[in-house]
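Protein chains: 2
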Amino acid sequence: MTKTRCFVTTFLKATLRTLRKKVLVGCLLTLIFGAAVLHHWISNTSSVVNVQQRLDSSMEKLRHSGAQHLDNVSYNLKQATARNGCVCEGEKRGVNMPFADLLFPVVSAEDLKLAFEASKLQGVQERRKAEFQNFRKRAQSAADVLIVAEANSPLQYPTQGVEVRPKTSIVIPGLGLKHKSRSLYLVILSASMGTFSISNVVDKVQVTGNGQMQMNISSRLLPALNRQLGFIMYTNTIFHPNTADIVHYSTDGFQAAFTVKIRHEVPPKLYDPGPGDEYNISALVTIATKTFLRYDKLQDLIESIRQFYPTISIIIADDSEHPKPVTGPYIEHYIMPFRKGWFAGRNLAISQVTTKYVLWADDDFIFTDKTRLEKMVKILESTTLDLVGGAVREVTGYTATYRHTISTEDGGEEGDCLHMRQGFHHVIEGFPNCVVADAVINFFMARTEKIRQVGFDPRLARVGHLEFFVDGLGTMHVGSCDDVIVSHASKIKGMLPFGQSKTDQAYSKFRYPAPSNLQNSLFYFKNHFKCKTSNS
Amino acid sequence: MTKTRCFVTTFLKATLRTLRKKVLVGCLLTLIFGAAVLHHWISNTSSVVNVQQRLDSSMEKLRHSGAQHLDNVSYNLKQATARNGCVCEGEKRGVNMPFADLLFPVVSAEDLKLAFEASKLQGVQERRKAEFQNFRKRAQSAADVLIVAEANSPLQYPTQGVEVRPKTSIVIPGLGLKHKSRSLYLVILSASMGTFSISNVVDKVQVTGNGQMQMNISSRLLPALNRQLGFIMYTNTIFHPNTADIVHYSTDGFQAAFTVKIRHEVPPKLYDPGPGDEYNISALVTIATKTFLRYDKLQDLIESIRQFYPTISIIIADDSEHPKPVTGPYIEHYIMPFRKGWFAGRNLAISQVTTKYVLWADDDFIFTDKTRLEKMVKILESTTLDLVGGAVREVTGYTATYRHTISTEDGGEEGDCLHMRQGFHHVIEGFPNCVVADAVINFFMARTEKIRQVGFDPRLARVGHLEFFVDGLGTMHVGSCDDVIVSHASKIKGMLPFGQSKTDQAYSKFRYPAPSNLQNSLFYFKNHFKCKTSNS
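Line order of the protein sequences matches chains A and B.
Using this note's numbering, the first residue of the first sequence is number 1, and each one after it goes up by one.
Using this note's numbering, the first residue of the second sequence is number 1, and each one after it goes up by one.
Calculated directly from the structure, the hints in this document are not laboratory data.
Any given hint might turn out to be false.
Copies of the same chain look alike in the list, so a pair counts if it fits in one copy or across any two.
[Unchecked claim] Simulated pairs of lysine-lysine, DSBU-like, Cα-Cα distance not exceeding 35 Å:
#1 LYS375 x LYS129
#2 LYS261 x LYS92
#3 LYS120 x LYS137
#4 LYS530 x LYS378
#5 LYS370 x LYS180
Predicted model, so just to flag it, every value in this text is computed and none were measured.
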């Protein structure tokens, strides 16, 4: 501003000296023009928008028009299911035969609100309901609303697949009108988050609202109208990084609606596997573990890894009270506050990985010649799996894969039901030792980007395992191969009082405290479940 | 197996003793029956599936049928744009007027592949192409394919909004047939990832393929057929945690297709804000920071925070060479390997947060009475924003919000173009000091679950800022409020050689090394961009 004033003063002095009226007028006009440009520029970039309001009214309009199509069929499926809702009960044993317990483990059910003290429950429920409603409002999108295509409609239009990056334009594909003979053909397009325009003008077609949120296109000649409909551009004008607009398309007596997704293209997060034909395990995989007081076991793990993978990086999260140094090539040791916790340590470890894959190992595992990480890399490279578990072999020879399936069932306003069952979905073609499941044992390799997207909730301080897989539902494609085996350092000895070393004893004291309601309280509040059933 | 054998032996002995033929026969039948049940059970749960193959062929079929609807319009929009593709060039200054540099900063363009040595580039490009193709294959879904609704079709069907949880069933809403008079009405439904069945039987309607992947429904009475079409159930039989099936719906001379989304319901990750009417900042917010050698500045930050928020948790990630203890109530200090890095430290800090929101602050910030975190909480609680930046005030009084918009432009097989511009999208209604943008300054509050979903890539060891926001495109809704101000500890003094303290000098030595190509090489490989343009 100071510079501008100085400029003006100098100019005025010069003009007074020469008394050139033309120059004075020219200067004034320049200033007025500049101010107008500036004002226009500022006001354009300072438009005030309530995006949520627009989206809400757009979806409301759609729900009303959608309801007309559906006579005698309840169109709000979620409401229908909610009225029925899932019931929180275990299963009775169907077949009473020998070895039923082995073949058909009993399903138990837990009412999750019982994790809270009765006196606090009401407050918890009120806050839970408020948080959930806020979450749902943020998560909803016009792209999920039910739309039904009318029969015998002369309108042709795209029902899926139309996407635009924010504040950009696309030609809408597939628009058409296939009316019978009429004297005048007219279609109307309208939207809430963008405008329509013509990318090519076609003769004998009249367009009103070019560049507006509603555009009318008419012509006496149907072929001309259809040709024009091939050049309709939609431009998103109201910014949102990830939403959908609903386009209403209508002609006399008929209506249609379709979604235009408005979204920033999500950039991929790729990793360079490095040159070479073979899998370079050290370039592709980092081993992550968490330790607490068990430095002896940790050293055994590291030494066993080094026999097979001498240069693989090992990340160690450590929340021991008096941390000891853990050093060596390709070892990264992270010190945490004392007892920060199990999932906090897991989340820390994975947060530091710079390779495409991360292998989770507990600090009391031992690598053997059966611990072939190449097999895990192979299945992750060749399928859509995001995480593949292996098998953990106890001293007794018993080998576990801990395969589970998890499903959720709509339970209405009170929350859904969470079902966890031993087992898996199906075998993976081409990998006869591998299956698809929803949860696996605590020895697995995962895509770093995916496992970080899900994360290990640091609120789980002492115990937790399936919670990670519950958080991963709908995000991670989980598998399990029983031919990649790691050994578990002896647990039997450690479980006998006289068999425990001093560190084992200290570990047990912290690791196995009195049971708490923390896990169920998180399922109830955090994940909004009302019930958990399980047969393991 | 051992128990079964023992059981059989005992039984056989008993029968031999009594020579009851009936019992012997009964036993044999039980065994055969049991084996049959067991075999059936095992084979059902061990079905071998190549899910990807099914999805691929389903989408292929759709592309062929979709192509028929579109005469004269190129239906593969992405291909069309790719042929044109974005061009990597800066902008010339449009208006040549005084103060143009201030008002219209010049846009520069960078060809990102130049970040690599010429000798290594070819290998990089080959691996980049392979990784990107794999990524695209994993990311594609039938729900994104272009589908066009035929005009004048007697078929009525849902075009959007049909979803089913894996391995469960739903009644398909909105199916109908509105033919003219015919002697026989017939419709065919087919799918790839599930089967159809009748939930209620309607008289005078013939159904074949009940429980199969293709079902034919016919009747001489149109009202009866339509009534039956209200009771068609789709059951997902081939498990996938997040995909879509395409249902083909046809009658004589007409075809339609629509998507059924198959997805585990993604559980919410809610936080209990705790009782009370006011915002309990300590219960809702954790402050996260990273420090390196600047313990004096860090202490200043902590003391300034404590003046206003005495019980708020502060998480400190520290990768100094000789870490000093940082202690105090509600302080969590994490020790990292020396020089692990800037984004690694940021990712570590946010990985430990157990509150709904996290506030990022640099270790050389100072809280003042203008640093009202309540304002940030308010906007995050009331809008769909996931992250809101504040303003950083230098000693000079200059206050920066560093607002940027980011957009990407399709660039074809070589990669997209990344455009970063100073500025914002629009003002937020109800919050006159706040705007929507795509990137903000390094002082912000964010939803913990969202910021962890994006993450800070630990591959960015020394410098990085906008990379986080680029990774967040399409995921985070970003805002900026200029009325929440934090002060920046003096930088001017620190920039003069004689004004630096010893720690400042050590810090500068590590923090500002010779420029590297790391950032551009990551934009090129990791995010698959070919060009970056910027005007800041």
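So, going through the hints one by one against the coordinates:
1. Within a single copy, LYS375 and LYS129 get their C-alpha atoms only as close as 45 Å, which misses the 35 Å cut-off; across copies the closest is 23 Å, which meets it.
2. With identical chains, the CA atoms of LYS261 and LYS92 are at most 35 Å apart between copies only, with a shortest distance of 32 Å across copies and 47 Å within one.
3. For a Cα distance limit of 35 Å, the shortest separation of LYS120 from LYS137 inside one copy, 26 Å, qualifies, whereas the shortest one across copies, 49 Å, does not.
4. Proximity of LYS530 and LYS378 under a CA criterion of 35 Å is satisfied inter-copy only: 29 Å between copies versus 39 Å inside one chain copy.
5. Proximity of LYS370 to LYS180 under the C-alpha cut-off of 35 Å is found in neither arrangement, the shortest distances being 72 Å within a copy and 68 Å between copies.
In the structure shown, a violation is registered for the earlier hint numbered 5 alone.
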